[in-house]
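For the protein sequence lines, the chains are A and B, in the order given.
All residue numbers for the first sequence refer to my numbering, where the first residue is 1 and numbers rise by one.
All residue numbers for the second sequence refer to my numbering, where the first residue is 1 and numbers rise by one.
It is possible that part of the hints are untrue.
Stated by the list, open to error - Sample of chain A residues at the chain B side, in silico, Cβ under 10 Å:
id, residue
1, C113
2, G116
3, E119
4, L122
5, A123
6, E190
7, L197
8, G198
9, D201
10, V207
11, K487
Calculated from the structure, these hints are not laboratory results.
Model, not experiment: these values are computed from the prediction.
Idealized CB from N, CA, C, for every residue including glycine.
The lines below spell out each chain.
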Amino acid sequence: MSEPTKTDLVDVQIDGVWHQFPKGTRLIEACRQVGVEVPHYCYHPKLTSPGNCRMCLVETGMPPRPMPGAEPPQPDESGHLPISWIPRPVIACANTVAPNMGVRTTGPITEGCRQGVMELLLANHPLDCPICDQAGECTLQEYSVEHGKGESRFREQKVKKPKNVEVGPRVRLDDERCIMCSRCIRFTDEIADDPVLGFTDRGSHTVLAVYPGRELANNYSLNTVDICPVGALTSNDFRFQMRVWFMRETQTIDTNCATGCNITVFSRQNRIYRIVPRQNNDVNSDWMPDSHRLNFHWIDSEARLTDPMLKVDGVHRTATWNEALSVAAERLASLSGSEIAVIASARMTNEELFMTSRLVKLLGAGHVETVPRQGEADGYLVSADRNPNTNGVKLVLGLENPGSTLDRVKSGIEQGRIKALIVLQENLVDDAGFSPELLGKLDFLLATYPIANPTTGLADVVLPGACWAEKSGTMINVTGRLQRLNKAVDGPGQTREPWEIVRDLVHALGGGNGIYSVTEVFKQLAAEVPEFKGLSWGQIGDLGLPLIETGETIPALEREKERKAAGIIVG
Amino acid sequence: MPFTVPAELEAEIDERITHYPVSKRSAVLPVLHHLQHHFGYIGEEAVEWTAAKLGLEPIKVLEVVTFYPGFRQEAPGKYHIRVCRTLSCAMAGSYELMESICEKTGIDRSGVNHHHPIAVSLDGKYSIEFAECLASCGFGPVCMVNDDFHESVADADALLKQYP
């Protein structure tokens, strides 16, 4: 998009200060751009604006229009026309800037409006904040503090409405808490294309409802919980689990598919309680699929590997890292490079893959490959490639077509050409069709993984590798965007981040200088891999940056761009 | 009884829909009027039929049906009586009229609430509900029986006699 030219800009005074905005800017966005917050419930930049909550009412004014024959108004010394304030307030979400317009977000009219709206919204609200999951991140609470009256004149019986309604398998509704902003209805209509929600019995008994016999079951249903400004819609998975103010927020990315949705992980005392999407208009907008968001409970699984293990006489026993690594190094050193194959994972970070390439070089390994994970794209945010870093494998590990030569590894083992296998963060038995009999033919099998699985069960050396939430690094998503993964929690027991494990293996095999942080790995990676040239860890930022052109797009994002271009949404 | 819309009615409805060329959603109201006129009420099947007819999700039709008290969601009796209870009629005795009609027709209104405003006599002949202003405030109490309008209704017997 081209920069707006001078003629596309209009002068607008906001709270006494003159600014310039492009024509067509909504008042609420103009205010936001200059640091003036206008409270709102129903407005969401990614959805249409019905203007039904009335919380964003502001006072506006225009230059006075002279009576016929009278003198037109004259500009003041600053060159701006005087403003004649209009007694009727307007909603800032749906009105756009006009030349020489004035906006007042403070003063008796605006403040009176906000107090009135708050008083009415709270009249029938159950005020059950002590047991409400939204408490602490509820705009009704926040605005009560900032814009409320502090008391209610309502003395009558509150309206009773349905509570604890299962609107879908993952979402629960408390109609008494609902303030009828309609964000969820618009989301299901406009974004998820599954319009099952609506308001019935409009009037003093208005309820948000699903059509009888239907349910809010689409794979994006939990986004309605995120955009609900109050505690009306709650997540079955998260409700009553943890007060939000106790949790720590980590900005990271989702690793369930190649889209790499930006997410915030909420954890407390090393345990993850929930994952919510984090806005990135170049990746996932404000949304994420339920399937990805809820796929974290296994991180607390009893089956997590916590210690390095060595197989002695067919039985695993725990070992120290030094012991396990020296056994591994000894066994590997006794083989020639062509007898060793390395199976890395496209779920590994670029840094891990970079260390893996060092290991491959050091061993002179005859084969390196990753495990492909193809699924079906859903036409929204779920990519057909369920590996988060296939593009990283291509760039950093140098594989042109990752996963295409796995059969050659299998036949190599079958024919005895490959005698040792190093399996990094993959489960070959369950995910790559390697039979236990085939793996049994190997002289030496080393496997790292977060969870005990049939492959680690067969391994001579098992090393506990941290999962995605327990490590930092970078990945390249389906569109070629470089994004940062940030560690949210510590891995259990003696778990190490996979880049550390590979580094330790390289050390144990007698090669390389000490590398003590993932940012150092990135620095070396940036020095060696041309596409990363000149990049620093800090430059990537929380929102990532475009690294390569892949020609791939994210369908939900493309539709959003169209809606924005058509002026349907602010975007 | 299965829900079937007679061909004639459907043709009439199809014609009505052509009056709303910009948005089919605008035709929800007239379609519902046709259906209620024919079936006496708008049941679940009627909602779904309307939604399918207009290419909408059923919830969008249900929103409209539940908004207007004029759309009945439950089957009325042969004679459906609507008694005005807005101020003038209430002062002129509409609550007494309601009680008197119920007593004479054997209608039990104890199950009536916001979601179920209509009560039907056991024999299915009469049904009754309160309505808001029927626009004849000078001549209360006012009521409607099906499409007939009655003002200054003092005697429930005399009213019911007209609807045997």
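Original post:
Failing hints, ascending?
Top reply: The structure breaks hints 1, 2, 3, 4, 5, 6, 11; every other hint is satisfied.
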